[in-house]
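Enquirer: Keeping their order, the protein sequence lines are chains A and B. The opening position of the first sequence corresponds to residue 0 in numbering that gives the first Met the number 0, with each subsequent residue numbered one higher. The opening position of the second sequence corresponds to residue 0 in numbering that gives the first Met the number 0, with each subsequent residue numbered one higher.
No lab work stands behind these hints: they were computed from the structure. Don't take each hint at face value.
Unchecked claim - Computed beta-carbon distance windows for the label pairs: (1) B/Ala7 to A/Glu193: 45 to 55 Å; (2) B/Gly111 to A/Val174: 47 to 57 Å; (3) A/Ala145 to B/Gly2: 50 to 60 Å; (4) A/Ala145 to B/Gly111: 42 to 52 Å; (5) B/Asp153 to A/Ser54: 45 to 55 Å; (6) A/Arg176 to B/Phe32: 19 to 29 Å; (7) A/Arg176 to B/Gly136: 53 to 63 Å; (8) A/Asp177 to B/Phe32: 36 to 46 Å; (9) B/Pro40 to A/Gly70: 51 to 61 Å; (10) B/Leu56 to A/Glu193: 29 to 39 Å; (11) B/Arg232 to A/Leu207: 38 to 48 Å; (12) A/Asp177 to B/Pro40: 47 to 57 Å; (13) A/Phe166 to B/Gly2: 48 to 58 Å; (14) A/Leu49 to B/Gly111: 58 to 68 Å.
Since this is a predicted model, take the numbers as computed values, not measurements. Built from N, CA and C at the ideal position, the CB exists for glycine as well.
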Amino acid sequence: MSSSPSALLSVTYVEPGYRHVVELVHQRDPDARRRLRSLDLAVYEPEGKLLAEVSIDPAEETLDLAAVTAGPAAGRPRVMAVFDARYDERIFPYRPHHYGFLHREGSSSAPLYYAVGAVLGGVPQRVDNSRINNFETYVFAGGPFAERHAVLLGNLARFAPALAQVFAYYGPERVVRDVSLPPKAHTEVTLEPEHGGRRLERVEIKSLFRMATYVTGRRATSGDLVLFDHLFTFFK
Amino acid sequence: MLGVRRTATYYLPWLVRPGLACTLLLSDVEARFEPSHKRGPFPLRVEQYDAGGALALAYDVTLTDSVEVRELALASASGGCGFVVVRSERVHSDLYVTLSDGESYTATHGRGEFVERYPLRARILLTLLGGALAPLGRTVAAFARDQYAYVGPDSRSHLLLLNLSNVTNRIRVAAGAAGRSVGARLVALPPMGASLFDVSSLSPAAARETGVWRLRLQGNAWFNFYVVGAGSRDLAGPLSLMHVK
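The task is simple: from the sequences and hints, build the whole structure.
Expert: So, in structure tokens, the structure goes:
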């Protein structure tokens, strides 16, 4: 093991009623490398208030996130779960992210396997937060589907509020939403399925530093998550 | 030593089942940020390989500009699953594949990797060695991947195994949980072939308990897989696909 551990700050969002398991290491690792040096979990409510801090046993390979956050998440529609990992750089050999499994209990919807978004750190410093602009994009299917889309935005900064713009594109038209988030706060920005007779085609997020972002899709009838995905950073 | 050639390849999985449509989202949205390439048209050729590895269908698509998104509904082909290869000189954006039950859809993106081409002597060698090891449930472990799989009565993960080579790929899938072996099986995929592997079938009794299994996959040639998520109706219900690294 290196005497100079790497660090990774990664984020996901937890909603009650879901089976939600997060893998703590990259799945490509051979047995000998499947150990983090330390892992701390912090749970925040939407307004940014710290609800819980939990030290996770780094010997574990997967974490039942639903169980760990059940207390602080109770009565809230969603909480933000922040993982602060220290590790030998070989733990995340390809890209600095790990995976999670998500499924609404009792639902016939498909479970989702997803990449937990990295916000800061990496192998080493693979997640670049030094650009003056962060610009992320996601493309949607045309449908028509009874599915509601949104973006989740979280501000991981310790002290600085974050300003972001969410651009939803409908053919030649676009709808812009400005979002301001205090430190450690998060929000879900709903994307209207139609505008001016055109369906939602893509979304872009612009911000001054990297935020904890996901695209979500929910069945209109049940609210089940059927899409929980990372956006793409094309502009570098 | 074996004379293997690797050809850069962008591929996505496909999976068609009754009541479940599979559609590609083709775009080159990244080109907007490249002044020298932002103007179309962007021609693509999509080649759809079936589970047996045969080139079943091919589609030619042209994107008129960098913000156009074309949807390409994939027809089913032999075996109901496989992968598509997208060939284009100018499209470098990640492309999506969706699975829809008509009400909603799930989505993931493709992978930019390579396909291995083994010369005849290497294919003969692997055929002989693989044939000798197969009765023992083993393979020539040239490549290995580790993956977690999720089992339980309400939700589970399957694997869509993809043989990214021109040689028969014998892939051994072994599962363990809590430090104990759950089961193992050898799957033989034809060149460029695919198979939807039911992880729970390694131990149906153990899979009735909600849990996480650790998988180790070993193959005699380059391969990858997508995780297929299934809910309470298993493969008869809505499904999701997800790439791995």
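Enquirer: Hint by hint, say whether it matches the structure.
Expert: Hints and how they fare:
1. Distance hint for B/Ala7 and A/Glu193: a CB-CB separation of about 39 Å, inconsistent with the stated range 45 to 55 Å.
2. One distance hint, 47 to 57 Å for the beta-carbon pair B/Gly111 and A/Val174, is violated here, with the actual separation near 32 Å.
3. In this structure, A/Ala145 and B/Gly2 meet the distance hint of 50 to 60 Å, their C-beta atoms being roughly 53 Å apart.
4. A hinted range of 42 to 52 Å for the beta carbons of A/Ala145 and B/Gly111 is inconsistent with their spacing of about 33 Å.
5. Separated by about 30 Å at the C-beta atoms, B/Asp153 and A/Ser54 break the suggested range of 45 to 55 Å.
6. At roughly 22 Å, the beta carbons of A/Arg176 and B/Phe32 sit within the given window of 19 to 29 Å.
7. Here the CB-CB span from A/Arg176 to B/Gly136 is close to 56 Å, well matched to the stated 53 to 63 Å.
8. The hinted range of 36 to 46 Å is not satisfied by A/Asp177 and B/Phe32, whose Cβ atoms lie roughly 22 Å apart.
9. At about 56 Å, the CB distance of B/Pro40 to A/Gly70 agrees with the hint of 51 to 61 Å.
10. Checked against the hint of 29 to 39 Å, the C-beta distance between B/Leu56 and A/Glu193 comes to roughly 32 Å, which is consistent with it.
11. Between B/Arg232 and A/Leu207 the C-beta distance comes to about 45 Å, which sits within the given range of 38 to 48 Å.
12. The beta-carbon spacing between A/Asp177 and B/Pro40, approximately 35 Å, falls outside the hinted interval of 47 to 57 Å.
13. Judged by the Cβ atoms, the range 48 to 58 Å given for A/Phe166 and B/Gly2 holds: they are separated by roughly 50 Å.
14. A hinted range of 58 to 68 Å is violated for the C-beta pair A/Leu49 and B/Gly111, which are about 40 Å apart.
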